[in-house]
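Novice: The residues making up each chain are set out below.
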Amino acid sequence: MEIEDMEQYLEEQYDIMDVCLLAGKIMLESGAETYRVEDTMMRIAKNYGIKESHSYVTPTGIMFSIETEEPTKTKLIRISDRTTDLNKVVLVNSTSRRIANGELDVPQAYRILKRIDKDDETYSLGTRIAAAAIASGCFLMMFQGSWADFIPAMIIGGLGFATVVYIHDLVLIKFFSEFMAALVVGLLAAGAVLTGLGQELDKIIIGSVMPLVPGLLITNAVRDLIAGHFISGLSKGAEAFLTAFAIGSGIAVVVTLL
Amino acid sequence: MDILINIVTSFIAAAGFGIIFNAPKEALWKCGLVGMLGWMAYFVLTFQGIGEVPATIAAAFMIAVISQAFSRVYKAPIIIYIVSGIIPLVPGGTAYNAMRSFVTNDYNMALSFAAKAFMVSGSIAMGIVLSEVISQIMKQSRLKRIG
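Top to bottom, those sequences are chains Z and H.
So the first sequence is numbered by our numbering: it starts at 218 and just counts up by one.
So the second sequence is numbered by our numbering: it starts at 7 and just counts up by one.
When the alpha-carbon atoms are kept at most 27 Å apart in a straight line, the in silico BS3-like pairs for lysine-lysine are as follows: (1) H:K31 - Z:K335; (2) H:K31 - Z:K331; (3) Z:K263 - H:K145; (4) H:K31 - H:K81; (5) Z:K268 - Z:K292; (6) Z:K335 - Z:K292; (7) Z:K290 - Z:K242; (8) Z:K335 - Z:K391; (9) Z:K268 - Z:K290; (10) H:K81 - Z:K335; (11) Z:K331 - Z:K263; (12) Z:K242 - Z:K263; (13) Z:K331 - Z:K290; (14) Z:K331 - H:K81; (15) Z:K242 - Z:K292; (16) Z:K331 - Z:K292; (17) H:K145 - Z:K268; (18) Z:K242 - H:K31; (19) Z:K268 - Z:K242; (20) Z:K331 - Z:K242; (21) Z:K331 - Z:K268; (22) Z:K335 - Z:K263; (23) Z:K263 - H:K81; (24) Z:K268 - H:K81; (25) Z:K335 - Z:K242; (26) Z:K242 - Z:K391; (27) Z:K290 - Z:K263; (28) Z:K263 - Z:K292; (29) H:K81 - Z:K242.
Source of the hints: derived by calculation from the structure; they are not laboratory data.
The model shown is predicted, which means the values in this text are computed figures rather than measured ones.
Okay, chain H solo, but in the shape it has when bound (with noise of 0.2 Å):
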């Protein structure tokens, strides 16, 4: 039952961002369903009770990794895809509780989430850094042009 209300919205939420961010009609719902399967990788990583880190690392991999397929097949721009679906893995809650923490004059706590929170957002781009070296290295003929 948990996992159903993810795989829904996570699904809204993405595609909300798409028309947040005024993404074309038709790419909807791949931006929907890019940041699901995003965040489902997460979900179940964690819930297997591997770490934020490397679940964020694996589930922003996937992610660039089918936006990339995404952005080949359609022939659109690879940012549509990616950014609806990296927006779920933003560590708000973990930064909003360092802050929470820092305001509330325990500093203990805030730093431990404060570097959470910097660790998580250095995994996302570590994901999105490994699809790219791949795909690079998959057309080395055409280094030129990433995505």
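Extracted from the complex, chain Z is given alone in its bound form (with noise of 0.2 Å):
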């Protein structure tokens, strides 16, 4: 092999290990579980024409190899902020089922990874939030609430959904915004309780807790769990348990107070 084939044949082994890796960073940071991660960066090695890949998902890091006729090659890139974007998940699902096709080369692939990756939230931040307290306030029905606490359970979901959100910004530990959007809604609806608003304060706080309620972890962790990857199971599990916690501390705290 000439030199030059020699270099252009490396480089393009760097490009679909960055397809790959790029498209498991994006699907690892918006929510999907740890198999389907490692699931589509080796069947997109694999329609690329690596034989073989391997790849190691927890989720704080991903390690990627994938063995040529080099010297194998490994990549290791580290995750450090995990949100929830299912969109995310289903545009790199999609573009990987159209490698597969064989629609796409790997710099066109890569391309549109990396305009997904940086790809804005589908709704803005006033919908989820005005969601969240939609979702509160019918949570409050199906949990046997009355129609008069319903406003109040939406007005303060929506509040404390949108205290996650803010104090997240601003201080990046997760419990802690967890733990003072529990204090919020805990306060308010004692508020509420107090001031003649709302009647049942039990019901009205387990309607507007609910979008806190680490829901996407636990199911993640079961599922990962189920696949055989216990590593990444037990710590979305561990993950799980701590936000449900610091819920469940910041509720305290105003239980205790009254």
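Dock chain one against chain two, each of which comes alone in its own frame, and use the hints as you go.
Specialist: This is the structure:
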């Protein structure tokens, strides 16, 4: 092989690797299950002609190696911020499908993934807070609350969710923002009941706290454990437990004050 | 009337969670539908006097099966549908009661609430596992990829 061809060849390998890692990074940051991240990365590599690839994915980092004729190449990337953005998971998934159909070459795929990575969220913050508010009200009714508490639960649920979002922007400690949100929910609910605006304290709190509950983490932890990804499953379980604990202690502070 | 309220509110709540989790716009009504059907399964079963744990297993199973069908038909990751469906089943109320009993020093009640919350979380897992097992058996030739 000529030296130039060789360089070209090496360059290409790196590109495939970057595409795989970028896809994995976006998915992991957006809340996809671990085995789906691994599966997607290995599929992309396979579709670009890499016979052997290995990936090791945990919630905080991805290790990926591809075996070529050259010595095996391995890269590690760190994942520090995890949010939930199902839209990105869907977009990467469909990109991976297009790669499998042979529609995209490596540079095209890389550009598309870059765009997805930078893509802003589909819904504005206001919409999401409104959705959290409405969901809180609906949860109150599902848990046999009375219509009198519907509006208070809506307002408190929306404010609780807004607290999480805003404090998380200021302080990067998830536990703290969840604790503060639960505290806000508890105080407002207690205030509403004391001033006679609301009736059942328990029902209002349960309804308004639902947008904070780590439902995605619990589901993901279980699905990871089933698929045999014990480290990811356990650490997501621990994250879910911490969130639940933060919410619980925020509410507990208010209950002890009463 | 009670049932009607539950149908409407569970649909809206599940779709609302779709928005919070930034699900694609065209998937929102499917999220709502999955959440509604799951909650109705749970609601009707507990209304019939069936315990919370079996009712949760049945509802979670149903949610997972419908989500799998949706993900197959619409070629999207199963997680979009399953998450919004599962949320109403998460034992938030029981966990809250447990926490509340703990801080008011009523440890007996607290432990029984906590045990119940734990059992219900386990049932959600159980329901999902059951549906996953069935789907794996159905496509044993392609065991590698789940959902």
